[in-house]
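Same order as they appear, the protein sequences are chains A and B. Going by my numbering, the first sequence opens with residue 1, and the numbers climb by one from there. Going by my numbering, the second sequence opens with residue 1, and the numbers climb by one from there.
Mixed in with the good hints there might be a few duds.
One-sided excerpt, in silico: chain B residues whose CB lies under 8 Å from chain A [what the hints assert, rightly or not]:
(1) HIS56
(2) PRO57
(3) VAL61
(4) PRO78
(5) GLU79
(6) ALA82
(7) ARG83
(8) LEU88
(9) GLN91
(10) PRO93
(11) ARG97
(12) GLY98
(13) ASN145
(14) PRO147
(15) GLY151
FYI, nobody ran anything at the bench for these hints, they're computed from the structure. All values derive from a computational prediction rather than experimental measurement. For each residue, glycine too, the CB sits at the ideal point set by N, CA and C.
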Amino acid sequence: MTGIEAHVQQPYKYGFVTDIESEVVPAGLNEDVIRLISAKKGEPDWMLDWRLKAYRNWLKMSEPHWPNVKYGPIDYQAISYYAAPKQKPKLESLDQVDPKLVATFEKLGIPIEEQKRLSGVAVDAVFDSVSVATTFQAELAKYGVIFMPISQAIREHADLVQQYLGTVVPANDNFFAALNSAVFTDGSFVYVPKGVRCPLELSTYFRINASSTGQFERTLIIAEEGSYVSYLEGCSAPMRDEHQLHAAVVELVALDRATIKYSTIQNWYPGDEEGRGGIYNFVTKRGKCAGVNSKISWTQVETGSAITWKYPGCILQGDNSIGEFYSVAVTSHKQQADTGTKMIHLGKNTRSTIVSKGISAGRGQNTYRGLVKIMKGAEGARNYSQCDSMLIGDKCGAHTFPYIDVRNSTAIMEHEASTSKIGEDQIFYLRQRGLSSEDAVSMIVNGFCKEVFKELPMEFAVEATRLLGISLEGSVG
Amino acid sequence: MAKGKVLLEVKGLRAAVAGNEILKGVDLTIRDGEVHAIMGPNGSGKSTLAQVLAGHPAYTVLAGGATYEGKDLLDMKPEDRARAGVFLAFQYPVEIRGITNSYFLRSALNSLRRERGEPELDPIDFLQFLEQKLKSIGWDDSMMNRPVNEGFSGGEKKRNEILQLAVLEPRLAILDETDSGLDIDALKTVAEAVNQLRDPKRSFLIVTHYQRLLNYITPDVVHVLADGRIVKSGGPELAHELEAKGYDWLRDAAMVS
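Input sequences plus hints: build the corresponding full structure.
Here you go:
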């Protein structure tokens, strides 16, 4: 089995550091730091007040320890809450972005230069605490689609931000959401007007570069009546011996008949074989299907981070609204993941689908945790859940905690679960047909994840299969 | 009939699984184009012989050897044996979720073609190739877009093994109890396909517990394996004798000798 494990535990390919002069706020968190962040972003007073209120709430909260993960105490005063590469304060065009930053994103496969851009994908590139470039903004504006760093939106579209910020994930929702609300730096803002089908895939790439910093991004996506948007996020970080905190908040709002498709490829540095270093990925993501016949679909491929703690969920408020969650979570080395979803059914005839694939290798621990809640008024609600775990080797673990809370007797719930182990016999069968053992593992893992990969936009399906060391051919088509 | 070149030569092969010695000195020579049947009671080591020749890592070779096309077979990795033309039709084929039969077959075929320095087949060329193959054995393509063996009946799984054999065109095809669990119609279908695939450049080693498969596939040589050794070899008539008398008389003979 060592061959199989070695294959799953490939070296991290994005661990380089960009040598760039950064402005880093000294470590520590207090109201002055928050005022400083707010000032650096040129924020209006209401935003600062919102942050301070969140901070004061956070002080009263304690770090949650119910997830099935183990880690040492986090010193919140040892983290720097703001780091930004030094560059011209006002960029006339993307061509003025520091070439080092351009090269960094290029190396990550995210070209931001005009001539090299990915066709069909608009990208917001976030480096530490700031957005350094957002492509296709002008083109999108022709359709009335707003796609910009959230710090810019706070200044330029205050009405929209004020109307929706914190309405899906309140500032005091949980410890990490409160922390994020106090200190969030950048992230993306998307607004798709009524009846518009966003002509491009929107994408944000998050890169942590500076050491001893945390990244606290905030993303807000609003899809007006009858609109459609597909949004992708990717991320990576250098290899460092220290743990770095990444506590993001993502809020989605889908109004009547709107659809939001949100895909994540999470590839933060996972730490080394002994569990040294790696990102603590403590994230709150939630979407509200506020309108009738609206739909929110989450797809995530979680391969990185030392610890992942996230439950992208849907509040199905509008009648006939649909929530979906498709997840592949991989833990190898000493990685730990406690991830899943929450589907809260409020409206009539609301439907939700959950497909979770957990893969554990090395000494990885993989937990699925999900809540399906059918409220009293959710007449005719339906849920289908499927949780599959795959074990590679004999030192890893898979755990499943499905919570089901049904308060309406017309609800129909289905839950399927399976645990399998990649066995010698399976590998041997494929090798007997001429495949190398690496290709054999790839094929088995790829087949296991297929139901999730097929939900990803094409560009990301490629990335996802590659990340798992899998050839493209199997997953697509 | 002029004898073909020696393809596989097994000498004094002893092998164990989980510390138990199963093969206790097997000698076997298979020439080009020959069909050999290995019969024997349960636990005699028939399937072990098949697995050892294919290179299953759970089995340990204790002594003896096997050459294939003059090369040390036991020194080769399982995938290298496959690429050199050794094919095992499994007694218990595994399921592979989410991977279609057609994709799996193409991946396998292309890994053999790469080895032989031939260009890989793209999906369209492969489909044409596959259609011809299916036609030659008189089967349809109903299994092609289903995940490998998933939800297949026992008979479908065995048929699928023979289809892989047809597509991969091995030089040495080892059939491990392909007949077990098949009803008479399925047995005939499989046997007909195997007969279609008989070729002067292809040899077969057919492992079976019962004689009935050999009613449809006439072997050149029949061996009886008992307690890890080949205790008797003969022509096709030996299979009929075994059917009539059972295995006990041979086992007794083996004890005496």
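Against the structure, the hints come out as follows:
At its closest, the beta carbon of HIS56 of chain B sits 5 Å from a beta carbon of chain A; the interface hint therefore holds under the 8 Å criterion. Hint status for PRO57 of chain B: holds, given a least beta-carbon distance of 6 Å to chain A, under 8 Å. About 16 Å separates the beta-carbon of VAL61 of chain B from the nearest beta-carbon of chain A, more than 8 Å, and the hint is not met. For PRO78 of chain B, the shortest C-beta to C-beta distance to chain A is roughly 4 Å, which falls under 8 Å, so the interface hint holds.
With 8 Å as the threshold, the beta carbon of GLU79 of chain B comes within range of chain A, its nearest partner Cβ sitting at about 4 Å, so the hint holds. Checking ALA82 of chain B against chain A: minimum C-beta separation of about 4 Å stays under 8 Å; hint holds. Residue-level restraint check for ARG83 of chain B holds (minimum Cβ-Cβ distance to chain A is 5 Å; threshold 8 Å). Interface hint status for LEU88 of chain B: upheld, as the beta-carbon distance to the closest one in chain A is roughly 5 Å, under 8 Å.
For the restraint placing GLN91 of chain B at the interface with chain A, the shortest Cβ-Cβ distance is roughly 11 Å, beyond the 8 Å limit, so the hint is violated. Given the 8 Å rule on beta carbons, the hint for PRO93 of chain B holds: about 7 Å separates it from the nearest Cβ of chain A. At its closest, the beta carbon of ARG97 of chain B sits 5 Å from a beta carbon of chain A; the interface hint therefore holds under the 8 Å criterion. Hint status for GLY98 of chain B: holds, given a least beta-carbon distance of 3 Å to chain A, under 8 Å.
With a cut of 8 Å, the hint placing ASN145 of chain B at the interface with chain A is violated, because the nearest CB-to-CB distance is about 11 Å. The interface hint given for PRO147 of chain B holds, since its Cβ lies 7 Å from the closest Cβ of chain A, which is under the 8 Å cut-off. The interface hint given for GLY151 of chain B is broken, as the beta carbon of that residue sits about 14 Å from the closest beta carbon of chain A, more than 8 Å.
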